[in-house]
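*Asks:* Residue numbers (this note's numbering), protein chains in the order written: chain A, 16 to 393; chain B, 16 to 393.
By construction, these hints were calculated from the structure, which means they are not laboratory data. On a predicted model such as this, the values are computed, not experimentally measured, just so you know. Among the hints, erroneous ones may be present.
The list treats identical chains as interchangeable, and a pair is accepted whether it falls inside one copy or across any two copies.
[What the hints assert, rightly or not] In silico EDC-like links for lysine to aspartate or glutamate, alpha-carbon gap of 20 angstroms or less:
| id | residue 1 | residue 2 |
| --- | --- | --- |
| 1 | Lys343 | Asp249 |
| 2 | Lys282 | Glu163 |
| 3 | Lys243 | Glu109 |
| 4 | Lys322 | Glu388 |
| 5 | Lys139 | Glu321 |
| 6 | Lys267 | Asp246 |
| 7 | Lys190 | Glu271 |
| 8 | Lys143 | Asp69 |
| 9 | Lys313 | Asp69 |
| 10 | Lys267 | Asp161 |
| 11 | Lys377 | Glu357 |
Number of protein chains: 2
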Amino acid sequence: MKKKYLLTPGPTPLPPEVCAAQAQPIIHHRTPQFQAILKEVSQGLKYVFQTENDVFILASSGTGAMEAAVANLLSAADTALTVEGGKFGQRWTEICQSYNINTEVLSVEWGRAVEPKKIEERLKANPKIKAVFTTLCETSTGVVNDIEAIGKIVKDTPAVLVVDAISGLGAIDLKTDAWFCDVVVSGSQKGLMLPPGLGFISLSPKAWKLVESSRSPRYYFDLRKAKKAQDKTDTPFTPAINLIIALNESLKMIKEDGLANVFLRHKKMADATREAVKAIGLELFAPTAPSDVVTAIKVPKDIDGEKLVKTMRDTYGVTIAGGQAELKGKIFRIAHMGYIEEFDIILCISCLEKVLFQMGYKFQLGIGVRAAEEVFLR
Amino acid sequence: MKKKYLLTPGPTPLPPEVCAAQAQPIIHHRTPQFQAILKEVSQGLKYVFQTENDVFILASSGTGAMEAAVANLLSAADTALTVEGGKFGQRWTEICQSYNINTEVLSVEWGRAVEPKKIEERLKANPKIKAVFTTLCETSTGVVNDIEAIGKIVKDTPAVLVVDAISGLGAIDLKTDAWFCDVVVSGSQKGLMLPPGLGFISLSPKAWKLVESSRSPRYYFDLRKAKKAQDKTDTPFTPAINLIIALNESLKMIKEDGLANVFLRHKKMADATREAVKAIGLELFAPTAPSDVVTAIKVPKDIDGEKLVKTMRDTYGVTIAGGQAELKGKIFRIAHMGYIEEFDIILCISCLEKVLFQMGYKFQLGIGVRAAEEVFLR
């Protein structure tokens, strides 16, 4: 017997209610019974997205929803600006380039947030830019970007603002409408506390104009089809029925809690995690703009970062994430997103202390847990 | 309380073992634990596809896998032949046209199978055809096409043969390698007894050559990425973890039964269904090439076909399918695919008899059930 704990930035743990909901005997999707669920889910998504726009559900990972954004907004030879401050910012560039979009890249040092005024400068310098692709929380570095400030800049230009909120939606604040986010994409396996397999995308009227003129090839991700179907409370293709039934459950849980409380809980957990690792003597990778959904921590000198993550997982059952791409072995990441509560943080910090201690790292045992407890007692 | 029975051609009912498997607490996908599952699943898929080629798993509906075939094989202005004998044949045409493929359509009367020699004629007449898009079982009409005969024709041409086996794979015979099927696509919610949300695609070496030269824009469905990841027992994007864990379970069930037994069971159920409805005095919609996974039946004169389906579902809990597109109200369809056994057919025929009787249709009550029993007693 080994009890398992999951503190990774996607998938995140599933509430038992969600597990139970998705395990129900399947129903057909073209029935009044499923239509009623689709209606509820549609309202719930608008609440979480903080938007009056339709939110479309795709049977895909989050990346599918990202591609839907690019393919529906832009045509070959159009110009786009992508903000790259990590692996997921790079993904925007890669997708745009796959579609032969003329892609301007705004590179940001990994571990830093983008300075909104840099986006303003690029938009002024090149009025041809039709879309700005950004990331709410860059999971690979633990950074949160200031989407509100970026929205204020982009709204006064002809460009649309596209936000990858796969990591963060339903966990930290993102006011789609109030912050002028034209397109927001997300996925199921993060703040929404579901298994992976659903992508989401919302579009403003400004974005719809681009959808109607895009000439990029698309079928499965064609949002015109999605809209036509949604207007009849239907989906263009067989939807991921069980995941949508589970989504209805998790949306109810979020609504019951209230977004404000959800955001506050995430903030507390992030604060506690940051204070704990600092007390242990570790250094945050993104100290200037740390996100409240995942904390990236530098691997200390003389410690094998990959072994640290592996030991926590394979010996003690506590799964956190290592670094990705160029950060492999250099950082590790503790996620505090979705169905996570304060004692999950406590057990994770305790396990981190145990393994660091065993690996010969010098610190006062228990000091991290104590620092986290202090935050939670405030 | 109303007990529910599902006899639709997708989704099909879920075995309780599959429901339980997918409801397990989630695990992270980049772990040895999940890699072991991916390896098993990969072997199981090869068994069901009857192929030595890799089978790739996509987080999408079956249509996503169809689009993956088109986008990876062909570029704008390439020529393709699509075989259209129903709604799903038409889908090939629609996807090809979305990608600006020069699409030749071979129209087949709905309710009939394509004559393989017609494909031969078209290939001879136009040597530019790079791919032939066909359908194993055309769910909208209940027809099964002779893929074996088509394979023999296409293999000697430069064209690749693409088979939509979404409906049928794992339920009726499809020998991917022995029948020279270059590309086979499928989905989870049919013969594989899973919820919708997974697409599958296998490719022959002949097909891979086209993949490497295709210039169609693609990212999420880019099979070069899928192959690169699969070679490391990984997936390019977050996979639909729970569905893949459930897939492992359903593949084990199929393997335990053995494909030959599975096919025999489907044949028996189809025979029984056909004999039953004929005994009731109803007419098959596709008498010359009826598939063993779904039986399409003409709505008799003076009976409201949509009301028939609705009453069976809403009053008695037995869900079958109506007609789609131009067949709406003209046919109804009983699926006998996946996790279905003989007594499911008996109860469905009994419910059909009950509702037809109540609607004033003249026949000898019980005669359909008796005819089915006779088939099962053989």
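*Asks:* Of all the hints given earlier, name the ones this structure violates by number, lowest first.
*Replies:* Those not satisfied are hints 4, 5, 6, 8, 9, 10 and 11.
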